[in-house]
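*Asks:* Taking the hints into account, I'd like the entire structure generated from these sequences.
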Amino acid sequence: MSPAEPATAASEGAATGPRSAPPSAARWWWTFGLLRSELGVTLRRWRTLALLGILAALPVLIGIAVKVETGDGGGSGGGEGPAFIHQVTNNGLFLVFTALAATLPFFLPMTVGVVAGDSVAGEAAAGTLRYLLVAPAGRSRLLLAKFASVVVFCLLATLVVAASALLVGVALFPVGDVTLLSGVTVSFGEGLLRALAIALAVTVSLLGLAALGLFVSTLTGSGIAAMSATVGLLITVQILAVIPQLDALHPYLFPYHWLSFADLLRAPVLWDDVLANAGLQALYVAVFGSAAWARFTSRDIAA
Amino acid sequence: MGNTGNTGDTGDTGKSRPGKKAMRYAVPVAVAAVTVASVGLVPALAESGDPELPEITAEELVAKIAASDVQRLSGTVEISSDLGIPGLPGGGGGGLFGGGPHGERGERGEGAAPYDGAAPEGEQSPADPADKLLELAGGEHTLRVAIDGPERQRLSVVEETAEYSLIHNAGEVWAYDSASDTAYHAEAPEGGAERERPAPGPQDLTPGEAAEQLLGAVDDTTAVRVEGTTTVAGRDAYELAVAPKDAAHSTVEAVRIAVDAENGTPLRFALDAGDGGAPLVEAAYTEVDFGKPAAELFTFTPPKGTEVTEADEWDAAEGPAGGHGAGGVNGLPGLGSLAELGGDVEVVGEGWSSVVKIAAPPGVVGEGAGLGSPEADGFLDKLTERVEGDFGTGRVFGTRLVNAMLTDDGTVYLGAVTKDGLVEAANAG
Numbered sequence: 001m002s003p004a005e006p007a008t009a010a011s012e013g014a015a016t017g018p019r020s021a022p023p024s025a026a027r028w029w030w031t032f033g034l035l036r037s038e039l040g041v042t043l044r045r046w047r048t049l050a051l052l053g054i055l056a057a058l059p060v061l062i063g064i065a066v067k068v069e070t071g072d073g074g075g076s077g078g079g080e081g082p083a084f085i086h087q088v089t090n091n092g093l094f095l096v097f098t099a100l101a102a103t104l105p106f107f108l109p110m111t112v113g114v115v116a117g118d119s120v121a122g123e124a125a126a127g128t129l130r131y132l133l134v135a136p137a138g139r140s141r142l143l144l145a146k147f148a149s150v151v152v153f154c155l156l157a158t159l160v161v162a163a164s165a166l167l168v169g170v171a172l173f174p175v176g177d178v179t180l181l182s183g184v185t186v187s188f189g190e191g192l193l194r195a196l197a198i199a200l201a202v203t204v205s206l207l208g209l210a211a212l213g214l215f216v217s218t219l220t221g222s223g224i225a226a227m228s229a230t231v232g233l234l235i236t237v238q239i240l241a242v243i244p245q246l247d248a249l250h251p252y253l254f255p256y257h258w259l260s261f262a263d264l265l266r267a268p269v270l271w272d273d274v275l276a277n278a279g280l281q282a283l284y285v286a287v288f289g290s291a292a293w294a295r296f297t298s299r300d301i302a303a
Numbered sequence: 001m002g003n004t005g006n007t008g009d010t011g012d013t014g015k016s017r018p019g020k021k022a023m024r025y026a027v028p029v030a031v032a033a034v035t036v037a038s039v040g041l042v043p044a045l046a047e048s049g050d051p052e053l054p055e056i057t058a059e060e061l062v063a064k065i066a067a068s069d070v071q072r073l074s075g076t077v078e079i080s081s082d083l084g085i086p087g088l089p090g091g092g093g094g095g096l097f098g099g100g101p102h103g104e105r106g107e108r109g110e111g112a113a114p115y116d117g118a119a120p121e122g123e124q125s126p127a128d129p130a131d132k133l134l135e136l137a138g139g140e141h142t143l144r145v146a147i148d149g150p151e152r153q154r155l156s157v158v159e160e161t162a163e164y165s166l167i168h169n170a171g172e173v174w175a176y177d178s179a180s181d182t183a184y185h186a187e188a189p190e191g192g193a194e195r196e197r198p199a200p201g202p203q204d205l206t207p208g209e210a211a212e213q214l215l216g217a218v219d220d221t222t223a224v225r226v227e228g229t230t231t232v233a234g235r236d237a238y239e240l241a242v243a244p245k246d247a248a249h250s251t252v253e254a255v256r257i258a259v260d261a262e263n264g265t266p267l268r269f270a271l272d273a274g275d276g277g278a279p280l281v282e283a284a285y286t287e288v289d290f291g292k293p294a295a296e297l298f299t300f301t302p303p304k305g306t307e308v309t310e311a312d313e314w315d316a317a318e319g320p321a322g323g324h325g326a327g328g329v330n331g332l333p334g335l336g337s338l339a340e341l342g343g344d345v346e347v348v349g350e351g352w353s354s355v356v357k358i359a360a361p362p363g364v365v366g367e368g369a370g371l372g373s374p375e376a377d378g379f380l381d382k383l384t385e386r387v388e389g390d391f392g393t394g395r396v397f398g399t400r401l402v403n404a405m406l407t408d409d410g411t412v413y414l415g416a417v418t419k420d421g422l423v424e425a426a427n428a429g
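Going line by line, the protein sequences match chains A and B.
Mapping to this note's numbering: the first sequence position 191 is 191, numbers consecutive.
Mapping to this note's numbering: the second sequence position 331 is 331, numbers consecutive.
Heads up, some of the hints might be wrong.
[To be verified] Ranges of calculated distance between the beta carbons of each label pair, as one might list FRET restraints: (1) Pro105/A x Tyr25/B: 58 to 66 Å; (2) Leu155/A x Phe290/B: 56 to 64 Å; (3) Lys67/A x Gly291/B: 41 to 49 Å; (4) Phe397/B x Val170/A: 52 to 60 Å; (5) Ala241/A x Glu55/B: 43 to 51 Å.
[Stated by the list, open to error] Cβ-to-Cβ under 7 Å is the rule here; a few derived chain B residues that face chain A: (6) Lys21; (7) Tyr25; (8) Val31; (9) Ala32; (10) Arg152; (11) Ser156; (12) Tyr176; (13) Ser178; (14) Asp181; (15) His185; (16) Ala241; (17) Phe290; (18) Glu296; (19) Pro303.
Worth flagging that the hints you see were computed from the coordinates, not collected in a lab.
These numbers were taken from a predicted model, which means no experiment stands behind them.
Ideal Cβ placement from N, Cα and C applies to all residues, glycine included.
*Replies:* Below, the structure written as structure tokens:
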């Protein structure tokens with residue numbers, strides 16, 4: 001990984017020597033321990049819980065809005081509104097897809113931006129970063145643990161939206177066999193599986209922004225600055241993505257394939273864009289993840 | 001280094017010099033560079049040249065298409081059109097969007113309606129197949145096709161987070177629009193030995209249908225030749241060119257059809273323009289499979305609560321379907337309905353150079369093509385081009401495929417020919 005790696009292993013071996021554990025096992029133990037503590041710190045924050053609460057409330061709002069709108073026998077309003085919203089009244093499961101489609105452009109990435117931006121810079125601002133570095137795990141693995149906990153948050157945030165939407169959908173609307181976008185009918189069980197696959201696809205969609213946020217977070221010592229910079233970047237990119245003159249640039253922007261998760265609802269599944277999305281997110285993770293690593297392992301930690 | 005005091009910062013930073021640390025930034029730069037390079041180079045390298053196939057004459061190739069008895073097929077078709085009509089939904093080649101947007105598929109085409117000369121008044125089902133065809137006339141779209149014998153076919157238009165499907169299964173035709181969650185249902189006419197189809201719709205846009213219509217219209221104004229080989233959707237294919245003969249003013253350079261070397265299925269259909277730009281219309285498989293498609297693809301049960309429009313009601317609302325001609329060029333939606341505007345319609349010239357001449361209906365046009373006020377004339381000058389000829393003067397409104405001229409006496413000349421072709425036709429007529 002880096003020329004400094006042998007030195008790391010050696011010094012760690014020395015550090016853990018008295019406990020007579022093999023260096024590699026110790027390294028994994030530390031990584032796991034770090035990840036666990038990182039996750040604990042992230043998920044126990046009031047801020048994180050508030051963000052998840054907002055995400056859980058959104059599907060409730062959408063569900064009630066659809067119910068009220070169609071409850072008095074009002075007809076369908078053509079192809080307007082968020083994706084899948086017209087199918088919601090027939091099948092509550094579609095509320096999962098509607099909720100994800102409605103939160104994906106802004107709410108979901110915004111929460112990811114807050115958590116990712118805060119991950120390193122927040123610790124630096126609070127003065128706890130240097131104590132973390134005391135742990136004999138090395139900065140690379142600390143960063144990895146930070147990124148892993150952000151990834152877990154991405155998954156959790158998506159699942160919170162999906163689960164809340166599923167509960168509201170089942171409570172307010174009929175459920176049953178699912179008619180896919182292509183007009184093919186599948187069982188409710190397969191519909192649930194597809195919903196899970198879509199939640200995973202949405203999680204993958206958020207990884208690029210997570211890496212970007214982590215990188216921004218290593219640049220500054222202020223958590224607020226990193227969070228607002230990440231969310232600002234998100235907004236900027238979303239604006240760039242709708243300017244037709246920047247056509248040539250669009251395929252390289254991380255939200256470009258975000259709506260591809262809908263392709264999982266076709267029969268047969270159209271994989272092209274889903275895979276293209278995964279590739280694009282992997283590219284962002286590779287570029288900004290390694291940039292974050294380069295920055296974090298070489299910068300001075302004064303606070 | 002300030003951080004060496006942080007004990008336990010195990011050598012990740014402590015023992016490396018600043019130069020080495022700067023080297024770490026080379027990693028993200030290298031990752032980005034490698035990606036950009038591979039995105040740019042891999043497609044170039046993958047294009048390994050055209051396949052070597054046995055020689056074939058144009059007659060043999062046309063016969064091969066006709067004899068093709070592919071009963072089962074599934075695949076993905078990309079269609080694009082760049083007709084140069086300003087403001088057509090999808091933005092295919094209007095000035096604002098340059099050379100056609102990438103990946104902007106699936107716009108809900110509310111802008112399509114104004115171009116439908118025959119659009120009836122009143123409400124229509126969003127699942128109406130004829131309207132869908134209009135929507136597809138602009139920009140880029142992805143279609144998915146599945147065919148299992150003459151009894152079962154389906155075609156769906158892939159839209160962003162939605163899909164429009166047309167399903168034919170043994171005498172029943174369903175159209176389902178997932179965006180509006182509406183369906184359209186028709187019983188296919190019975191006893192017809194012909195292909196059963198409801199009305200002109202998106203199914204006319206697959207390479208096979210387009211090629212069939214074109215080859216049916218070939219006559220002695222047309223030259224058919226084989227132009228080497230190519231690869232479409234990973235399959236070896238011959239390229240058949242159908243070009244206008246002795247039609248100097250045609251806006252069409254040639255129609256090119258890539259024909260599967262093995263089974264004669266048309267895999268790509270392209271209408272190439274005389275101006276050398278992107279094809280006017282192109283439909284090509286990006287993925288094709290000649291195996292049996294899954295049976296579930298051909299069954300459709302409208303979900304509970306879905307609004308279903310029955311064909312009878314629909315026909316009553318629709319009236320006679322708008323004029324859709326047979327040939328590739330004449331098949332442009334809406335063109336045929338111009339003939340219904342009234343006045344005397346006559347065709348000048350023949351084959352690819354033919355121009356439709358519509359004499360002014362009495363009383364419609366006053367004096368000349370001017371609008372009376374200088375401002376209006378200035379606006380008209382921006383949209384159209386003034387031309388002069390032996391016939392007098394007129395204004396030409398041009399697209400890449402079809403040009404139209406309105407002369408000062410109110411006669412309209414319309415055809416898939418260049419401006420000069422229109423002037424010549426006007427001079428002759």
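*Asks:* If a hint holds in the structure, say so; if it doesn't, say that too.
*Replies:* Each hint, compared with the structure:
no., hint, verdict
1, Pro105/A x Tyr25/B: 58 to 66 Å, "32 Å, violated"
2, Leu155/A x Phe290/B: 56 to 64 Å, "40 Å, violated"
3, Lys67/A x Gly291/B: 41 to 49 Å, "44 Å, holds"
4, Phe397/B x Val170/A: 52 to 60 Å, "56 Å, holds"
5, Ala241/A x Glu55/B: 43 to 51 Å, "50 Å, holds"
6, Lys21, "3 Å, holds"
7, Tyr25, "5 Å, holds"
8, Val31, "5 Å, holds"
9, Ala32, "5 Å, holds"
10, Arg152, "13 Å, violated"
11, Ser156, "6 Å, holds"
12, Tyr176, "4 Å, holds"
13, Ser178, "4 Å, holds"
14, Asp181, "4 Å, holds"
15, His185, "12 Å, violated"
16, Ala241, "30 Å, violated"
17, Phe290, "16 Å, violated"
18, Glu296, "5 Å, holds"
19, Pro303, "4 Å, holds"
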